[in-house]
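Participant: Protein sequence lines correspond, in order, to chains A and B.
The numbering of the first sequence is my numbering, which starts it at 1 and goes up by one.
The numbering of the second sequence is my numbering, which starts it at 1 and goes up by one.
Calculated from the structure, these hints are not laboratory results.
Hints are not guaranteed to be accurate.
Which residues of chain B face chain A? A partial, calculated answer using Cβ under 7 Å [claimed, not checked]:
id: 1; residue: 107
id: 2; residue: 143
id: 3; residue: 154
The structure displayed is predicted, hence computed values, not measured ones.
Yeah, the Cβ is synthetic: ideal placement off N, Cα and C, and Gly gets one too.
Residue-level listing of the chains:
2 protein chains.
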Amino acid sequence: MPVSVILSDFTPMRLGEGIPQETLLRETANVFALVQCAIQKPESQEAANRILIETREMVRHYGVSAGYIKQRQANAMENVEITDEEDDIYPDILPRPLQQPRGLPISERMEKFRKAVNGLLEQHYADCGQAPDDIIHVSCTGYMSPSPVQQFTVRNHWNNTIVTHNYHMGCYAAFPAVRSAQGFMAGSFALGRPKSRIDIFHTEYCSLHLNFHRLTPNNIVNMTLFADGFMCYSAFSQDSFDAGRQNGLEILSMAERLIPDSEQEMTWDLGENYFEMNLSPAVPFFIAEHIRDFVESLVAMAGYKLGDIKDDLLFAVHPGGPKILEHIRKRFQLAAEQMRFSWEILYENGNMSSVTVPYIWHAITCDDTIPKGKLVLSMAFGPGLTACGMLMEKV
Amino acid sequence: MPVSVILSDFTPMRLGEGIPQETLLRETANVFALVQCAIQKPESQEAANRILIETREMVRHYGVSAGYIKQRQANAMENVEITDEEDDIYPDILPRPLQQPRGLPISERMEKFRKAVNGLLEQHYADCGQAPDDIIHVSCTGYMSPSPVQQFTVRNHWNNTIVTHNYHMGCYAAFPAVRSAQGFMAGSFALGRPKSRIDIFHTEYCSLHLNFHRLTPNNIVNMTLFADGFMCYSAFSQDSFDAGRQNGLEILSMAERLIPDSEQEMTWDLGENYFEMNLSPAVPFFIAEHIRDFVESLVAMAGYKLGDIKDDLLFAVHPGGPKILEHIRKRFQLAAEQMRFSWEILYENGNMSSVTVPYIWHAITCDDTIPKGKLVLSMAFGPGLTACGMLMEKV
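Excised from the complex, chain A in its bound form (with noise of 0.2 Å):
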């Protein structure tokens, strides 16, 4: 018998305000401009200021406009205000940008984490009547060991939680996940112990990683483009789908690829303050010349041919940045309305990394335009380079 999983109860969760690009903007260029400072030493108050000048120029033009980003969540920016006057407000990791201009060591960063993904954790399950078979928790932006999510468990009592990290996979993390998932629901009927509910819990805590100390075009794009983001959902047995949910997007198939010869375009790692994320302008271009055959892959694996099925797709794709979304329109000549949630999520929040298309998926089953039965391809990017997608239909 094969086991259906279908994907619902999408809830984004928040731990501040979105700030609107255009402040982002600004005041990402003052610290930019604060720590340029502090590494090149200017020895007059003119200096200073052509600094401060070049640096807006910098920012504003390589930074991403508020015509694609409305506004982020980028907790660490939260009541940032440099005006040069003696109450500035420094980002809080980085609290005295002219004398350590790369901010708190990264074992502080993850106290911040920890804290706050505790605190989502509390407010996400204060009415949770049942626990769920497992979480899994999906971050690349804080590791720690007992994780919160361990720790919010065991705390809870939830002696038959099994709890999995997925770490430090990047923006495409959530295919993983729910491949996980779908492996979990799918070996548990196999075990002759059949799960319910697995929840995917994730937490991209991106703000904790801004890193002001390298001034390049590209390192510009990760600050101005990236934004925190934390949503929970869950993957149901079809069973338990049917005992009260509304809507959601069960799994037709999946896949993942590894693009030839793009390691070095995008790559995540370790550091001493920070992660430090490389990003290459020709990412896009990479994704564009692969993306065709793995997507006509992905959907004959759930018995299609794409062209018969294409110009009513939708697509949710992992917004990356806007370039990623126009080569895809184009590669695939598909109507903007095919891929307005990408866009609008991208509008609305930025990149929030692994929880964006989830985002997407949130949407696209609140949406009551778009019917039951609607076919959703869904895609990501990240480092690898690695392509993930999956087929679902809106149920």
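Assemble the complex: chain A is given as a structure, and chain B must be docked to it using the hints.
Facilitator: Below, chain B without anything else, positioned relative to chain A:
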């Protein structure tokens, strides 16, 4: 149809030779003493000598003796020899103990990890005729994205091999990895695209994180107990196992549980120079207190009563340290023979974190005196505290 999963093809790997525990105890004490001199800055040769004598005494007193562990792979300690002469050789992660007593920053240690794991992959898969369906990369000692496993996979044009990271779960991580493999196998059958072989690739380069800066009894235990370990094995479907494997371990049941009120007893956290471990001497007591219920329910899941099978079971227990093994033997009133593989692997290798239990599985499958049909109860423990268990049958 239930999907059987059988573990087989256990292949230990090495970066270097095992170093006699006597040598490691001596040189660990010497390096600790150098770092203590860097911290305390003694003002006379006499004061420095006193530090050396006291440090040696502490390491002798608290370190794990050569009676329990004969040798360990500890690649960061290779060739280390401190005789107070000019040609002293320091650990490669601590090239200037007097000037930089915390040693290399974490980013440089991660580069060593990448290089080492890359070499092991090339060597292990040199004669591999067929690419696996999946590789699950297990580690709590090195994270980078793309990982060396991803880089290797794409370099080999293994386009249909899916890589999953199982990171930061500590000593018990073989269990979630096998649970994932069992899930991916069952999930592939559920989606109508059955897999045949899922590789589990463990790389625990523990000596990268040796911390000579904290001269405490608990840390001396860590420093003289843990070892590097590397292993690949495979999870096979019944059909692919039958097509050529001689012996293996079939999974009958699996369980994991968090132990209440024990979250502070073992921790593993990121730091600026190394990942930092805290391990309290209370761990064996927590485990002994909770283990009986856990094991009873684990064997019940497979349709057995513990009392009926206990005296004939092999206990393949993670030798976290000698104390844990002693507590478990007493708790279940086991014959020494029932746990001998745990003692032997500890003696021959030390605690290799997540790789230790797969070494025990390997030894059991290789040992012709253990007949097919033998039931094997395997357990491991790690941060949480998390207890993991699996009932298997030798096939």
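Participant: Does each hint fit the structure? Answer for all of them.
Facilitator: Going down the list of hints, with the structure as the test:
1. 107: Status holds, d = 5 Å.
2. 143: Status holds, d = 5 Å.
3. 154: This hint holds: residue 154 of chain B lies near chain A, its Cβ roughly 4 Å from the closest one there, short of 7 Å.
Violated hints are absent here; each numbered hint is respected by the structure.
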